[in-house]
Structure formats: structure tokens, C-alpha cells
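Single-letter residue listing:
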Amino acid sequence: MSGLENAKKIESGIYSKGKIDLGSIIKSIKQNSNIIEAGSIHTFTGIVRSTSKNGKPVVSMKIDAYDELANESIKKICEKLKQREGIIDVKIVHLKGEFELTESLVYVVVASAHRKEGFKTISDAVEMYKEEIAVWKREDFSNGSSEWIH
Amino acid sequence: MSGLENAKKIESGIYSKGKIDLGSIIKSIKQNSNIIEAGSIHTFTGIVRSTSKNGKPVVSMKIDAYDELANESIKKICEKLKQREGIIDVKIVHLKGEFELTESLVYVVVASAHRKEGFKTISDAVEMYKEEIAVWKREDFSNGSSEWIH
Amino acid sequence: MIVEVLYFAEFKDITGKEKEKFELSDNHLSDLISLLFKKYGDNLRNLIWDGKLQKIHNLISVIINNQPIHEKDPSIINLSDGSTIAFLMPVSGG
Amino acid sequence: MIVEVLYFAEFKDITGKEKEKFELSDNHLSDLISLLFKKYGDNLRNLIWDGKLQKIHNLISVIINNQPIHEKDPSIINLSDGSTIAFLMPVSGG
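Chains as they are written, first to last, in the working numbering: chain A, 89 to 238; chain B, 89 to 238; chain C, 644 to 737; chain D, 644 to 737.
Derived by calculation from the structure, the hints in this document are not laboratory data.
No residue lacks a Cβ here, since even glycine has one placed at the ideal position from N, Cα and C.
Heads up, a few of these hints could be off.
Stated by the list, open to error - Facing chain D, a subset of chain B residues (Cβ under 8 Å, in silico): (1) 185; (2) 189; (3) 236; (4) 237.
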């Protein structure tokens with residue numbers, strides 16, 4: 089556990105690529121004063137896939153965000169989910185910038201008393217951020233064309 | 089991505105506490121040659137909770153394992169789940185030894201093409217290892233007594 | 644009066660800018676939209692304008708000073724000096 | 644012949660050992676079980692023995708050479724020189 093006491097507290101929100109990684113979010117959640125009530129930590133990491141939904145070969149991706157709006161929606165989602173019985177903490181960190189294949193775009197971390205509510209809540213958190221936060225992704229294809237996804 | 093190419097390949101199985109962490113399992117999964125087909129990485133970490141199922145205050149925990157049997161069952165579970173459509177990789181690492189509150193006991197990591205099958209498969213992986221692998225946990229209570237859980 | 648437009652996603656690609664200031668002669672969003680169409684042409688017009696209904700496309704969110712505006716007729720949306728305006732396409736988180 | 648018993652969880656706590664060798668005079672599991680009961684008494688007996696049915700408890704898994712044995716009557720389970728034996732309580736992963 090050495091070093092945990094000094095881990096940086098990480099707020100949910102939009103960050104530039106490279107500013108944050110999954111390990112530091114987990115460390116930050118482990119500093120929550122209620123973390124001893126947690127039995128599990130669940131994470132979701134969205135990464136750049138080499139194929140678009142309609143099967144085109146993707147070579148890179150760009151994420152743009154309206155930080156003020158997105159940060160507000162992300163905080164609302166986290167606060168709402170933290171009200172649930174057995175949910176100790178919820179963090180959503182969405183990165184923006186230019187991304188290569190397999191690079192991480194977004195992290196969601198949930199600490200819960202029991203696994204059942206943890207699995208449910210992390211899945212709900214992902215559906216909510218995909219619907220609600222002011223973030224856009226552009227897929228760049230191998231033929232040189234690009235497309236913003238909506 | 090620096091350093092990824094040199095990340096150690098980590099096999100699923102039983103390890104002594106301290107031998108492995110979540111970050112190194114994720115790094116290992118990112119070396120899978122099919123990882124570019126993945127759109128999400130899901131993780132589950134079981135940690136020591138300060139309360140037993142029936143409400144007793146827990147101060148520490150011990151995990152014992154029959155390594156040969158447990159390793160075999162873990163590998164079977166991972167191989168079975170990797171057969172599923174859209175599942176790129178599955179790793180289960182169960183630690184053994186003496187654990188303090190909030191320390192990690194077990195890691196499950198799933199890489200999947202789409203989030204839907206990732207959420208389903210990581211939840212199934214957790215239910216399967218809880219039923220099938222030769223691992224036992226003992227809760228140590230604040231009054232000095234202990235109990236193996238079954 | 645001066646207002647500022649924030650550009651995201653397609654809008655950033657079309658304009659090549661993150662944001663841009665415009666001087667308006669009246670205080671309706673329609674005035675700003677005419678300037679935008681004049682400067683960036685059909686690429687931008689096709690993105691936000693519903694030519695049939697002569698309104699902003701239903702799927703475009705209009706944001707003024709970080710607040711969503713539900714009205715889609717730009718001639719009855721008021722702006723003030725210093726307002727920030729953004730037109731948002733449907734979101735698509737990573 | 645010599646066999647080895649592997650102890651896990653409660654069995655490790657009761658015996659204070661990870662594993663232990665025993666010399667058997669015949670090749671049935673019942674011979675080993677008598678030695679275990681003699682050495683470790685009721686603590687161990689209560690864990691594995693169903694006194695009513697005079698068999699190994701249904702919830703105990705008997706493992707010989709890393710293979711589960713489904714028979715619960717120790718007098719018809721054969722051991723060989725060098726066999727490893729374990730009695731397992733129901734599992735409880737972390």
C-alpha cells in the first residue's frame with residue numbers, strides 16, 4: 089500500500105490524452121474514505137478498434153470535446169450513480185486528442201460493496217456517458233478518408 | 089505505447105500476493121496479436137471488504153489455494169470464454185496469502201470487440217471462478233476469531 | 644456587439660478553428676447564422692440548416708453560454724454582447 | 644507404502660502443515676483416514692466424516708493425484724505408493 093496515501097485525487101471529467109491513466113484513477117478511488125466498504129472494483133476502458141461499426145478499416149481516431157458541458161454531464165452521471173445502494177465511488181475520465189489503434193479513449197471505474205451492483209452500475213455508466221456527454225469521435229480510415237460518428 | 093513491446097506475458101492462474109498487479113495483466117493483454125480487434129477492456133478486482141456477508145467486522149483475510157487444481161480450472165474457464173464470439177482475451181489471476189483491508193485478492197480482465205459481450209463475459213468469468221476454482225478464503229474478525237467461508 | 648462561436652467536431656474541421664468572434668449588427672441568432680453561411684458556405688449550411696422547415700436541424704443542439712436552447716428558429720433566439728454560441732452534432736463518446 | 648496428504652484451508656489450520664507423509668499398512672483410503680483421525684482427533688473428523696452414513700461428507704471433495712474421486716466410501720477407494728491425497732471443503736474464491 090506504500091505511496092497510496094500520496095496518490096493524487098483525480099476528478100471525473102475530460103482530460104487531454106496522456107494526462108491520466110487507469111492506474112492513477114484506481115489509486116485515487118482507493119483513497120475514498122469509504123473504500124473499506126468495497127468488495128470489488130470494476131473498470132471499463134474504451135480503446136481504438138481497427139474496424140468501424142460498418143466494417144471499414146480504421147487506422148486512427150480523433151476525440152473532440154466541449155469541456156465545460158461534458159464535465160458537467162460527467163459529474164452529474166457520477167453523482168447520480170453514487171446515490172445507488174452499495175455504490176462506493178464512480179469515476180469517468182474521457183480523454184481527447186489523436187489516438188492510435190489500441191490506445192485508451194475513456195476510463196470508467198466503479199467501486200461497490202458487492203459485485204452485482206458493481207457490474208450493473210459500470211454498464212449503466214457506460215451507456216449514460218455514450219448518450220449524454222458532449223464528446224465526438226472521428227474515425228480515420230485506411231483510404232485516407234475520415235468520418236465523425238453520430 | 090513505449091515499453092509495451094517488452095511487457096511480460098502473464099498466464100492466468102494462482103500467484104502469491106505481490107507477484108502481479110492489474111496494470112501488468114492489462115499490458116500483457118495488450119500484447120495479444122488480436123488486440124486491434126478489441127474496442128473495450130473490462131476488469132474486475134476483488135478486494136478485502138471490512139464487513140463479512142453476515143455483517144461481522146473483518147480486519148484481514150487469508151487466501152489458500154490448491155495451485156495445481158486451481159490453475160487447471162482457471163485455464164479451462166479462460167479457454168471456454170475465449171471461444172465466444174467477439175471475445176479477444178480473458179485472464180484470471182487469483183492471489184494467495186495474507187491480505188489487509190482494501191488489498192486486491194483477484195483480477196479478471198476481458199478484452200472484447202464490443203462492450204456488450206465484454207460486460208456479459210466478465211460477469212460470467214467471475215461467477216465461474218467463484219464456483220469452480222480450488223481457492224478458499226478465511227475472514228479474520230476484529231474480536232480475534234476467524235472463519236473459513238464456504 | 645461581439646459574440647464568440649465555439650467549434651467542435653465537423654465544425655472545427657470545416658472552419659479550421661476552435662473558436663471565432665463575430666460582430667453582429669442585431670441581436671438575433673439569425674444574424675450570426677447568415678455570417679457563418681456567408682463565410683463557410685454549404686459545408687456548414689448543410690450541417691445545421693433544415694432547408695425544408697427553414698429552421699436549425701432538429702438533431703443540432705444550440706448552446707448559448709453553456710446552456711442548451713430548445714428553440715430551433717434562429718430569428719427568435721436572442722444573443723447579447725459577449726455570448727458564446729455552439730452548434731453541436733449528436734454526441735458519440737469513445 | 645507411503646502416501647502424502649495435502650492440507651488446505653481448515654485442514655492446514657488444524658494440522659499446522661501444508662502436507663504430510665503417512666506410511667500405510669494397506670492400500671485403502673480408510674486406512675489413511677484412521678491415521679488422520681487418530682492424530683488430529685475430532686476437529687478433523689468432524690470436518691470430513693458423516694457419522695450417520697459412515698462415509699466421507701457429501702460436501703467434501705476427495706482428490707487423489709490431482710483427480711477428483713466421486714466415491715465417498717473410503718474402504719473402496721484404492722491408494723498406491725506415492726499417491727497424494729487431499730480433502731477439499733467447498734471453494735470460496737475472493
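Status of the hints after comparison with the structure:
1. Taken as an interface hint, residue 185 of chain B does not check out: its beta carbon lies about 11 Å from the nearest beta carbon of chain D, beyond 8 Å.
2. The closest approach between the C-beta of residue 189 of chain B and any C-beta of chain D is roughly 13 Å, which is over the 8 Å cut-off, so the hint fails.
3. At about 5 Å, the closest approach between the beta carbon of residue 236 of chain B and any beta carbon in chain D falls short of 8 Å, and the interface hint on this residue holds.
4. Because the closest C-beta pair between residue 237 of chain B and chain D is about 4 Å apart, less than 8 Å, the hint holds.
The earlier numbered hints that this structure contradicts are 1 and 2.
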